[in-house]
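Using the sequences plus the hints, can you model the full thing?
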Amino acid sequence: MSDTAAAHEAPTSTGIDHKKLIMWLFLASDCMFFGTLISTHLLYRKLYPAGFTDAEGHQRFIQNLFNIELTSFSTFILLMSSFLMALAVSAMHKGQIKSFRRNVLGVIFFGLIFLGCQVFEFTHFYHQGLTIQNSVLGSTFYVLTGTHGTHVAIGVLWLILMYFYSFTGKLGGHMGALDVEVAGLYWHFVDIVWIIIFTAVYLVEYLGPNGIWGSGLPAVAK
Amino acid sequence: MSSSHEAAPSPDFLAEEVRRYHHFIVLALWLAVVTGAEIVLIFLPLPVAVVLTILTLMSAGKFFAVILWFMHLIYDKRLLFWCFFAGLALAFATYTALLCLFSADRIDTRWFS
Amino acid sequence: MSHDSHHAPVACKTELAPERSDLGLIRPDRSTGLIDWLTTVDHKKIGILYGAFAMFYFLVGGVEALAIRTQLARPDNDFVTARMYNQLFTMHGTTMIFLGVMPLSAAFFNFLVPLQIGARDVAFPRLNAFSLWTFVFGAFVLNASWFFEFAHLAGWFNSFEWHKALVYTDFAPANGWFSYAPLSGTFGQNGQALRFTGVGTDFWIIGIQVLGIASLAASFNFICTIINMRAKGMTMMRLPVFTWMTLVTAVLIILAFPAITVALIELMFDRAFGANFFNPSSGGQPVLWQHLFWIFGHPEVYILVLPAMGIVSEVLPTFSGKSLFGYPIIVFSGAVIGFLGFAVWSHHMFTTGLGPVPTAAFSLLTMAIAVPTGVKIFNWLGTIWGGRVRFTPPMVLALGFIWMFMCGGFSGVMHSSAPADSQQQDSYFVIAHFHYVLLGGVLLGLMAGLYFWFPKIFGRMPNAPIAYIASGMVILGFNLAFGPMHYLGLAGMPRRTHTYHAGNGWETWNFVATIGAYILGLGVFLAFVNLVWTAFRGKKCSNDPWDGRTLEWSLPSPVPEYNFAQAPIVAARDAYFEDKHGGKRIGTENDGGEAGVHMPSQSWMPLLASAGFLFAGFGMPMMAMGIPHAGWIVISGLGVLFIGIWLWALEGPGGYMLKTPAASGTPAPTETVAH
Ligand code: HEM
Ligand SMILES: [Cu+2]
Chain G
203 MSDTAAAHEA PTSTGIDHKK LIMWLFLASD CMFFGTLIST HLLYRKLYPA GFTDAEGHQR
263 FIQNLFNIEL TSFSTFILLM SSFLMALAVS AMHKGQIKSF RRNVLGVIFF GLIFLGCQVF
323 EFTHFYHQGL TIQNSVLGST FYVLTGTHGT HVAIGVLWLI LMYFYSFTGK LGGHMGALDV
383 EVAGLYWHFV DIVWIIIFTA VYLVEYLGPN GIWGSGLPAV AK
Chain B
2 MSSSHEAAPS PDFLAEEVRR YHHFIVLALW LAVVTGAEIV LIFLPLPVAV VLTILTLMSA
62 GKFFAVILWF MHLIYDKRLL FWCFFAGLAL AFATYTALLC LFSADRIDTR WFS
Chain A
45 MSHDSHHAPV ACKTELAPER SDLGLIRPDR STGLIDWLTT VDHKKIGILY GAFAMFYFLV
105 GGVEALAIRT QLARPDNDFV TARMYNQLFT MHGTTMIFLG VMPLSAAFFN FLVPLQIGAR
165 DVAFPRLNAF SLWTFVFGAF VLNASWFFEF AHLAGWFNSF EWHKALVYTD FAPANGWFSY
225 APLSGTFGQN GQALRFTGVG TDFWIIGIQV LGIASLAASF NFICTIINMR AKGMTMMRLP
285 VFTWMTLVTA VLIILAFPAI TVALIELMFD RAFGANFFNP SSGGQPVLWQ HLFWIFGHPE
345 VYILVLPAMG IVSEVLPTFS GKSLFGYPII VFSGAVIGFL GFAVWSHHMF TTGLGPVPTA
405 AFSLLTMAIA VPTGVKIFNW LGTIWGGRVR FTPPMVLALG FIWMFMCGGF SGVMHSSAPA
465 DSQQQDSYFV IAHFHYVLLG GVLLGLMAGL YFWFPKIFGR MPNAPIAYIA SGMVILGFNL
525 AFGPMHYLGL AGMPRRTHTY HAGNGWETWN FVATIGAYIL GLGVFLAFVN LVWTAFRGKK
585 CSNDPWDGRT LEWSLPSPVP EYNFAQAPIV AARDAYFEDK HGGKRIGTEN DGGEAGVHMP
645 SQSWMPLLAS AGFLFAGFGM PMMAMGIPHA GWIVISGLGV LFIGIWLWAL EGPGGYMLKT
705 PAASGTPAPT ETVAH
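Chains as they are written, first to last, in the working numbering: chain G, 203 to 424; chain B, 2 to 114; chain A, 45 to 719.
Think of the hints as simulated: they come from the structure by calculation, not from any bench. Do not rely on the hints blindly, as some may be mistaken.
[Unchecked claim] Calculated lysine to any residue pairs in the SDA-like style (CA-CA distance at most 20 Å, straight line): (1) LYS248(G) / CYS101(B); (2) LYS366(A) / ASP591(A); (3) LYS222(G) / PHE82(B); (4) LYS372(G) / GLU63(A); (5) LYS222(G) / TRP70(B); (6) LYS248(G) / SER104(B); (7) LYS222(G) / LYS78(B); (8) LYS296(G) / ALA33(B); (9) LYS248(G) / ARG21(B); (10) LYS703(A) / ASN548(A); (11) LYS296(G) / ASP77(B); (12) LYS372(G) / GLY68(A); (13) LYS57(A) / LYS628(A); (14) LYS296(G) / ARG21(B); (15) LYS222(G) / LEU100(B); (16) LYS584(A) / GLU605(A); (17) LYS248(G) / LEU53(B); (18) LYS583(A) / ASN507(A); (19) LYS628(A) / GLY277(A); (20) LYS628(A) / ASP588(A); (21) LYS222(G) / CYS101(B); (22) LYS248(G) / ALA94(B); (23) LYS57(A) / ILE79(A); (24) LYS296(G) / ASP13(B); (25) LYS78(B) / GLY374(G); (26) LYS296(G) / LEU53(B); (27) LYS57(A) / TYR606(A); (28) LYS248(G) / PRO324(A); (29) LYS372(G) / LEU534(A); (30) LYS366(A) / LEU425(A).
Below, the structure written as structure tokens:
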């Protein structure tokens, strides 16, 4: 999205490109956005540490649902996509459009794998009896991770469009590199939000007898 | 419009990019290692408080590493860091306060799993 | 991206050769009339449109207010039904805050900020147009709920199957401007999602969501503009105070709105998909809604007032013939107010039982916020002190602002004390408080701004006698209407009840309040008529009729499309005033007088993209009504949004060169003033 009045005017007052500045401002705002979602989830975990009741009326604990291998894998995938994104931006700065395309394809591919894992996870949890409707836990979990997933999906779409746009030959020079860099900032942000979610939503549930939230409560078998 | 910027990158600039490239690779490795360590950590028989502290530090470390290197903040103007940090700090403070305002013993949780 | 800097500059955009965008479509650059206004990216035109819509909605909200006051004029009145009464106060509050004050502030941001910092436009002109149209469509969706309500009352829907299946048939929002859960949410377990209210709430949810997107987009843009597009020499501590307050407001918006965005998403999931965020029957905590709302809501009240404070800080020095007293302190306390504003949200929730420690903490923080506010007031007084005061209409309104706002501040400090607040909350005392700050404060400030800058915007001077009469009516009527509410509230009259019985001792003051409200309403109406008439027919005036201080007064009125023929260089705070009355403080850059000024191209895409919100915004409540296939309307809306943004990205920014009268620059000022 190239839309600056000053596209070819004098440099900006701070020397920072408009687009880069606005993206950072957006990310600052997005911190509050994800902060709200994450804290909604955490505070309900704090209030109701025991998990949820499935359709058969069994008490379920969330860590019995979690599949730490799968989540670790998709976390790893997302981290590596961030790495490739950094390389793609670097390639654009050097004007190496081919290398840019290769790396960005990798990012898109990894992004899609992440989304695939999420779809798999959601269906798995659903079959295990966790729905958005049957508990507060279901509501907060699906909406939080789903919103993150939506961010990833938008990022993937953005990068796909950029990939094809690069074949028109118009994605180049300083402005082209800037456009890619801004998309990269977005992508990395989505990645760091996941770093937080991975710890605050998944890992902490494994601590103590029943996650930090349930510590002190008797352990319950599957 | 971009034609004026099309000039070949200067050697200095390229050298800088190569240096960054190495940083990126090293960082990617570290991210993988730390994530692995996190996963091992949660299964170790350590006191919850200890594990939680280490986990928090590790994910904060990953968080800032990505911001500083992958997102170039360490190379960019300081102002950008403060723009972002304002949002981050505010979100952290506000929602920590919010979490503290809710407590299980102030509500009747008997009926809800 | 094709560029046209090689095209010969033209004197007027209608002389442009037809120019194709990167998509091959002809850009609407040469357009005039309606198409020009629909596709404009000029911050001044966008500002005027914001202002026009805001004034219209002020009148709508005013009619709603008068209906409320008419109902309350006598005890046991039945002018409107209880249900209609709830809808009236809900829509009144929502309209005034989101469709009146915020867009009118945005009108000033748009018109003034680029002029005050010496820029040719905002950083992202098309994004600016997108913000405008998104606001327009969001406002439209919200108010369309009235249409559905009246159609329902008239029985137009009776023959439809979906209408027969509805449990609740309230079509306009009726939950109050903060839509507290669980009333706005659901009850029942396992996704039954039984609702307490009809689709009015859904209209409210989607309307506020869309309006939030508009405000967010505009705020990113303005922060960027102010930080990045200042003229040479325009350091941060030389920025006009209005621009400073715009910056603080925009920062508040980008940090406060996400909380309500998420809260609205959660509420929508509760209502539409049976989630349990605020559903008390499944363990949801309705009080969480209150927290999330006020995490947004308290910063929001500063979002409303800071622009008005900025305006007053421009008006007072101008008509006192002195520079603003304690500029750095005013700026600093504005920023402190903004910052502290995030730490006091729970003072709206004292009566929910937060526990002793949080209650004490929020109480203290709320008292603390009165300090920077008081500092500002003293600085304003210091500005007038010893000045040669000219009591022009803007000055009268600005002085009214100080006085009325101070009264509102006093009652605010009163309910910062939690025990006192537990008596005052949900009573007419709170109504009195926030009308003193919002109406006596913000509205008077904004009206001062209108009277102050209208000569700049339209090059015409409003009729002064009418302006004095209108201002007098507003201030008098306002105090008659809201002063007695302090008493009514302390005498126990609850807020948000559609009527009261005789014999409580509330009759007299309610009647007085209603008379005051009508005087106030007539006063605002008269002022608006005066202003609209001025825009078209008013007497022409000079470029600098008030002996102004900031850069915008150095330009011709109305301001030419390109703002500054040559980019200015400033060497002082209040550079224009200093330049007129002291040494040389403004120069210009010799940047392409011959080549002309680069203007951004106009575009259909922002309008197209935001039209997506119109569809999506209508589709969601229609889904909730059970209208068949309404889901497709939502999906097509999202499709339109996506296509609009995509084409916007692909069309390229374009631009053309406009010739300006003066071709050579004047040298930069040599002496700088220490600031
Ligand atoms: C000295 C500064 C101020 C203080 C100490 C203060 C304090 C308060 C408190 C404690 C309440 C909650 C009352 C209750 O619900 O029981 C309140 C309500 C309110 N205040 Fe203020 N306030 C101040 C300034 C402002 C300003 C500048 C505005 C807006 C321009 C404002 C707008 C409102 C509104 C709209 C409400 C009512 C919200 C509602 O319940 O609907 N206040 N104020
Ligand atoms: Cu407040």
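Quick rundown of the hints versus the structure:
Restraint check: the Cα-Cα separation between LYS248(G) and CYS101(B) comes to about 10 Å, which is no more than 20 Å; the hinted pair holds. Of the pairs offered as hints, the one joining LYS366(A) and ASP591(A) holds, with about 11 Å between alpha carbons and a cut-off of 20 Å not exceeded. With a CA separation close to 12 Å, the supplied pair LYS222(G) and PHE82(B) stays within the 20 Å bound. For the given pair, LYS372(G) sits about 18 Å from GLU63(A) by alpha-carbon distance, which is consistent with the 20 Å threshold.
A hinted pair counts as satisfied when its Cα atoms are at most 20 Å apart, and LYS222(G) with TRP70(B) qualifies at roughly 15 Å. Between LYS248(G) and SER104(B) the CA atoms are separated by roughly 7 Å; this keeps the pair inside 20 Å, and the hint holds. Taken as a hint, the LYS222(G) and LYS78(B) pair is honoured in the structure, with Cα atoms around 11 Å apart against an allowance of 20 Å. Between LYS296(G) and ALA33(B), the direct Cα distance comes to roughly 27 Å. Violation of the 20 Å bound is thereby established for this hinted pair.
The suggested pairing of LYS248(G) with ARG21(B) is violated, with an alpha-carbon distance near 42 Å, which exceeds 20 Å. Using a Cα cut-off of 20 Å, the hinted pair LYS703(A) and ASN548(A) is violated, with the two alpha carbons roughly 71 Å apart. Proximity of LYS296(G) to ASP77(B) is assessed by CA-CA distance (about 17 Å); at most 20 Å being required, the pair is judged to hold. For a cut-off of 20 Å, the pair hint linking LYS372(G) to GLY68(A) stands: about 15 Å separates their Cα positions.
At roughly 34 Å between alpha-carbon atoms, LYS57(A) and LYS628(A) are farther apart than 20 Å, so this suggested pair is violated. A threshold of 20 Å between alpha carbons decides the hint, and for LYS296(G) with ARG21(B) the separation of about 12 Å falls inside it, so the pair holds. For the proposed pair LYS222(G) and LEU100(B), the alpha carbon gap of about 33 Å is over 20 Å, so the pair is violated. Using a Cα cut-off of 20 Å, the hinted pair LYS584(A) and GLU605(A) holds, with the two alpha carbons roughly 19 Å apart.
A hinted pair counts as satisfied when its Cα atoms are at most 20 Å apart, and LYS248(G) with LEU53(B) qualifies at roughly 15 Å. Between LYS583(A) and ASN507(A) the CA atoms are separated by roughly 8 Å; this keeps the pair inside 20 Å, and the hint holds. Of the pairs offered as hints, the one joining LYS628(A) and GLY277(A) holds, with about 13 Å between alpha carbons and a cut-off of 20 Å not exceeded. Pair hint LYS628(A) plus ASP588(A) holds up; C-alpha atoms about 18 Å apart against a cutoff of 20 Å.
For the given pair, LYS222(G) sits about 35 Å from CYS101(B) by alpha-carbon distance, which is inconsistent with the 20 Å threshold. Note on LYS248(G) and ALA94(B): the hinted pairing holds, with a Cα-Cα distance of about 18 Å set against a maximum of 20 Å. At roughly 14 Å between alpha-carbon atoms, LYS57(A) and ILE79(A) fall within 20 Å of each other, so this suggested pair holds. A hinted pair counts as satisfied when its Cα atoms are at most 20 Å apart, and LYS296(G) with ASP13(B) qualifies at roughly 12 Å.
At roughly 23 Å between alpha-carbon atoms, LYS78(B) and GLY374(G) are farther apart than 20 Å, so this suggested pair is violated. Restraint check for LYS296(G) and LEU53(B): the C-alpha separation of about 42 Å exceeds 20 Å, so the hint is violated. About 11 Å separates the Cα atoms of LYS57(A) and TYR606(A), which keeps this hinted pair within 20 Å; it holds. With a CA separation close to 17 Å, the supplied pair LYS248(G) and PRO324(A) stays within the 20 Å bound.
A C-alpha spacing of about 68 Å is found between LYS372(G) and LEU534(A), which places the hinted pair above 20 Å, so the restraint is violated. Note on LYS366(A) and LEU425(A): the hinted pairing holds, with a Cα-Cα distance of about 12 Å set against a maximum of 20 Å.
Hint check: violations occur at hints 8, 9, 10, 13, 15, 21, 25, 26, 29; the rest are consistent with the structure.
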